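K.L.:
First to last, the protein sequences are chains A and B. Numbering-wise (our numbering), the first sequence opens with residue 4 and increments by one. Numbering-wise (our numbering), the second sequence opens with residue 4 and increments by one.
Source of the hints: derived by calculation from the structure; they are not laboratory data. Bear in mind the structure is a predicted one, so any value in this text is a computation, not a measurement. Hints may be right or wrong, so weigh each one.
Copies of the same chain look alike in the list, so a pair counts if it works inside one copy or between any two.
[What the hints assert, rightly or not] Here are the simulated DSSO-like cross-link-like pairs (lysine-lysine), alpha carbons at most 27 Å apart as the crow flies:
1) K121 <-> K403
2) K72 <-> K121
3) K255 <-> K121
4) K401 <-> K309
5) K255 <-> K403
6) K46 <-> K72
7) K401 <-> K72
8) K176 <-> K300
9) K403 <-> K300
10) K46 <-> K403
11) K121 <-> K365
12) K365 <-> K46
13) K401 <-> K300
14) K46 <-> K255
15) K309 <-> K121
16) K309 <-> K255
17) K403 <-> K365
2 protein chains.
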Amino acid sequence: MSTPDVILNNHSGQAHRAFPLQTWLLRQLSQTVGAAPVRLALKSGAEVSPPGVDPLATIVVRDWPTLLKLIADPEMAFGEAYADGRIEVEGDLAGALAAIYQAWEGSGTGLYEWLTSKCLNWLQDNTRDGSRNNIHRHYDLGNDFYELWLDPELVYTCAYFASPGDSLETAQKSKLDYVCRKLQLQPGERVVEAGCGWGALALHMAENYGVSVRAYNISHEQIAWARRRAASRGLSHRVEFIENDYRSIEGKYDVFVSVGMLEHVGAAHYADFGRIIHRAVGNAGRGLLHFIGRSYKGEFSRWIRKRIFPGAYAPTLGEAVSVLQPHRFAVLDVENLRVHYARTLECWLERFDREAAQVSAKYDPWFTRAWRLYLAGSIAAFRAGTLQLFQITFGGPKSKQVSWTRAPLYASATDSAIPGAPGASTWKPATF
Amino acid sequence: MSTPDVILNNHSGQAHRAFPLQTWLLRQLSQTVGAAPVRLALKSGAEVSPPGVDPLATIVVRDWPTLLKLIADPEMAFGEAYADGRIEVEGDLAGALAAIYQAWEGSGTGLYEWLTSKCLNWLQDNTRDGSRNNIHRHYDLGNDFYELWLDPELVYTCAYFASPGDSLETAQKSKLDYVCRKLQLQPGERVVEAGCGWGALALHMAENYGVSVRAYNISHEQIAWARRRAASRGLSHRVEFIENDYRSIEGKYDVFVSVGMLEHVGAAHYADFGRIIHRAVGNAGRGLLHFIGRSYKGEFSRWIRKRIFPGAYAPTLGEAVSVLQPHRFAVLDVENLRVHYARTLECWLERFDREAAQVSAKYDPWFTRAWRLYLAGSIAAFRAGTLQLFQITFGGPKSKQVSWTRAPLYASATDSAIPGAPGASTWKPATF
Chain A
4 MSTPDVILNN HSGQAHRAFP LQTWLLRQLS QTVGAAPVRL ALKSGAEVSP PGVDPLATIV
64 VRDWPTLLKL IADPEMAFGE AYADGRIEVE GDLAGALAAI YQAWEGSGTG LYEWLTSKCL
124 NWLQDNTRDG SRNNIHRHYD LGNDFYELWL DPELVYTCAY FASPGDSLET AQKSKLDYVC
184 RKLQLQPGER VVEAGCGWGA LALHMAENYG VSVRAYNISH EQIAWARRRA ASRGLSHRVE
244 FIENDYRSIE GKYDVFVSVG MLEHVGAAHY ADFGRIIHRA VGNAGRGLLH FIGRSYKGEF
304 SRWIRKRIFP GAYAPTLGEA VSVLQPHRFA VLDVENLRVH YARTLECWLE RFDREAAQVS
364 AKYDPWFTRA WRLYLAGSIA AFRAGTLQLF QITFGGPKSK QVSWTRAPLY ASATDSAIPG
424 APGASTWKPA TF
Chain B
4 MSTPDVILNN HSGQAHRAFP LQTWLLRQLS QTVGAAPVRL ALKSGAEVSP PGVDPLATIV
64 VRDWPTLLKL IADPEMAFGE AYADGRIEVE GDLAGALAAI YQAWEGSGTG LYEWLTSKCL
124 NWLQDNTRDG SRNNIHRHYD LGNDFYELWL DPELVYTCAY FASPGDSLET AQKSKLDYVC
184 RKLQLQPGER VVEAGCGWGA LALHMAENYG VSVRAYNISH EQIAWARRRA ASRGLSHRVE
244 FIENDYRSIE GKYDVFVSVG MLEHVGAAHY ADFGRIIHRA VGNAGRGLLH FIGRSYKGEF
304 SRWIRKRIFP GAYAPTLGEA VSVLQPHRFA VLDVENLRVH YARTLECWLE RFDREAAQVS
364 AKYDPWFTRA WRLYLAGSIA AFRAGTLQLF QITFGGPKSK QVSWTRAPLY ASATDSAIPG
424 APGASTWKPA TF
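Throw the hints in and build the complete structure from the sequences for me.
P.N.:
Take a look at the structure:
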């Protein structure tokens, strides 16, 4: 990557060359952000600005040691320093990060980065015990924390904004229904869900599509919340929430669905995951996988894996399809909803920022800043295309549920009587 | 595979056991068709019927040597014998083949099958010279032959039946437009097409979307026809048909499109193909690949490769995505149109059968029977799910053309003013 032809300013904007070593170091760091329109500054003085463009943001580094760490290992040091308050970003954080991601070729090619990355993977392997620990660290932070900034149903995955102006609540409901319609759920069918979060999809399916659902999750907090919600909505007889690993799924089902869990399976366990899907739905079954993916092989940043999502891995489409191929499941449809995840995360960050004081009171300012960076960084990654959001619909070799076209998914509200949607009296709950 | 519990009849339907060796051999053959509801018969006497079901068809084998060959190598011998008239199929040929494909686990696991398959691959490798020969053998059979049974625009790929009752003509026009809309073509853009057939898509794009098209094909007959059609429609200044290999694509374009050519590239050349796509459209470009694929790795039958489609290979979705991944193209959408290809082929076979006498007069009865089997067998493969038809839409890492939802693709006619569709006076042809 070439060094941008930088202009050196002091922090007030007046050009000068009073800090030769500082500016030299900032120049080194500026190689990392490449051509991104971002200004770099040291609190004590020097600045490096991209020439000829209005910077989206200024990254202000508080001290020398932080600057040195950023130069040595920007991927890890940026997250650590931001969470510690040793970096401040003035301006549009998500926009600046998106520009950096687009300009950045990625680090992690050095031996140190490679070693620390492998080390994290080894420490965070998604064995049964490993998964329980990894999931606990993220999803058991406290339901009241997530209630602060998610929608009322606590849907913690990419929403579907049928119209870009839709509210988050509307978009999450649209997503739940969109998944059901892609699956062409029929009254009386049996559905198994792997990684059900707080249960919103399981409850939506049972309530609106007349199916029976068995939903697995290893987050204790989420399962407890989901069971209470099922009881209060009178759905406990049709939705069974099971606190267990996807590897413990038992029984036979018509439909397999997993929204936002493949990221936590880990590539080393894809063959197992495929076998479990096939064991659950057989050759006549069908299903949907919704997950964060990539256009090219790569790991989540070491900082994200260390601090936010231990054990997480976003597969390429090819890797995801390798889950299905050994069992001859046919891919029927793949949709990339990455722009919807950027929008979803914007909604989350806006709410999170509004509740920042409460978050800091419950945890501490470090936690608040770390999560702010995670949310803004995710917006950036989906905007820049570093991350993708795939929904794969698939069917077994003997599945009869192949739709003629996708048009019914987009029929206007009046036309969209869902073929399988039950009148209250026309279906009976399936039994396991 | 288990032997079906066969009932032995003579050809008139009366049960008896007068042909012990014949019936024993038919039993051996019946293991190949597994549980498929198909009756097997020798012209001279014995029959083997599946128990308890009405057979879809009776496969009548004319003589002992043919029966022995079928037992030894059903994949190759069936095609050879059918084309030679040493097998007749009474009843629903496509239906019977679909049932057999669903029941059959596939041959090709023996050493002989493996060797002959590898040998075919080696002889038919899609090098530049190999491709020219392979394509010549299929697509240069004579435009008047294809005019007998294709639609008037000679679109020789899967159509899109917006409604299952649409005519083939309507469905082919819908497909051309569907591809353009998936690509979100904008007036003035430059499009390169790899493997353009008789040019219908290139002409449709230029005529209705105001783009300039350079279209490559190595079939001399097709290119000649396409150029005449461009001239007669007054489009020669905006559509350039080039008789050359996809490897010779030159120039820079906004959009890459290939409909029904990936099958002729060959897995050994996917990396090259990806490089050529990237060279053509760069990081800001986008494109669409439309191709016959599979849910699991496998070769076309040796008979199809020997007699109909030399050098053809249908990739899995994972293999197809491997074309795009090295260049960080993001997969935006994948649609499986396999039911549409079954319907398209039904239309083709119906027309082909109507013109069979003319085909036999132009070629010979062997050719007519071979092509009838190829068309019926393809219907069967798409019905049974042995083959899939994928359309992949993709965009480079710097592409700005990401649509918000897929809904505009399915807007009703009155709503569907295509954003990029030009008024005659509002755009100027792009120049290369």
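K.L.:
Next, verify each hint and record whether it holds.
P.N.:
Hint check:
Proximity of K121 and K403 under a CA criterion of 27 Å is satisfied in neither setting, with 43 Å inside one chain copy and 35 Å between copies. Taking the shortest alpha-carbon separations for K72 and K121, only the intra-copy value of 20 Å comes in at or below 27 Å, while the best inter-copy value is 56 Å. With identical chains, the CA atoms of K255 and K121 are never at most 27 Å apart, being 37 Å at best within one copy and 40 Å at best between copies. In this homomeric assembly, K401 and K309 never come within 27 Å of each other (Cα to Cα): the closest approach is 43 Å inside a single copy and 30 Å across copies.
Taking CA atoms no more than 27 Å apart as the test, K255 paired with K403 passes inside one copy only; the shortest distance there is 17 Å, against 44 Å between copies. Proximity of K46 and K72 under a CA criterion of 27 Å is satisfied intra-copy only: 16 Å inside one chain copy versus 84 Å between copies. Taking identical chains as interchangeable, the C-alpha atoms of K401 and K72 are never at most 27 Å apart, the minima being 56 Å within one chain and 30 Å between chains. Within a single copy, K176 and K300 get their C-alpha atoms no closer than 32 Å, and across copies no closer than 38 Å, so neither meets the 27 Å cut-off.
Taking the shortest Cα distances, K403 and K300 sit within 27 Å of each other only across copies (22 Å), while inside one copy they are farther apart (34 Å). With identical chains, the CA atoms of K46 and K403 are never at most 27 Å apart, being 65 Å at best within one copy and 36 Å at best between copies. In this homomeric assembly, K121 and K365 never come within 27 Å of each other (Cα to Cα): the closest approach is 33 Å inside a single copy and 66 Å across copies. With identical chains, the CA atoms of K365 and K46 are never at most 27 Å apart, being 30 Å at best within one copy and 85 Å at best between copies.
In the homo-oligomer, the alpha carbons of K401 and K300 lie at most 27 Å apart only across protomers (18 Å), although the nearest pairing inside one protomer, at 32 Å, exceeds that limit. For the identical chains of this complex, K46 and K255 are neighbours neither inside a copy (62 Å) nor across copies (46 Å), given an alpha-carbon limit of 27 Å. In this assembly of identical chains, K309 and K121 lie within 27 Å of each other by CA distance solely inside one copy; the values are 12 Å within and 48 Å between copies. With identical chains, the CA atoms of K309 and K255 are never at most 27 Å apart, being 37 Å at best within one copy and 43 Å at best between copies.
In the homo-oligomer, the alpha carbons of K403 and K365 never lie at most 27 Å apart, since the shortest distance is 51 Å inside one protomer and 41 Å across protomers.
Hint violations for this structure: numbers 1, 3, 4, 7, 8, 10, 11, 12, 14, 16 and 17, all remaining hints satisfied.
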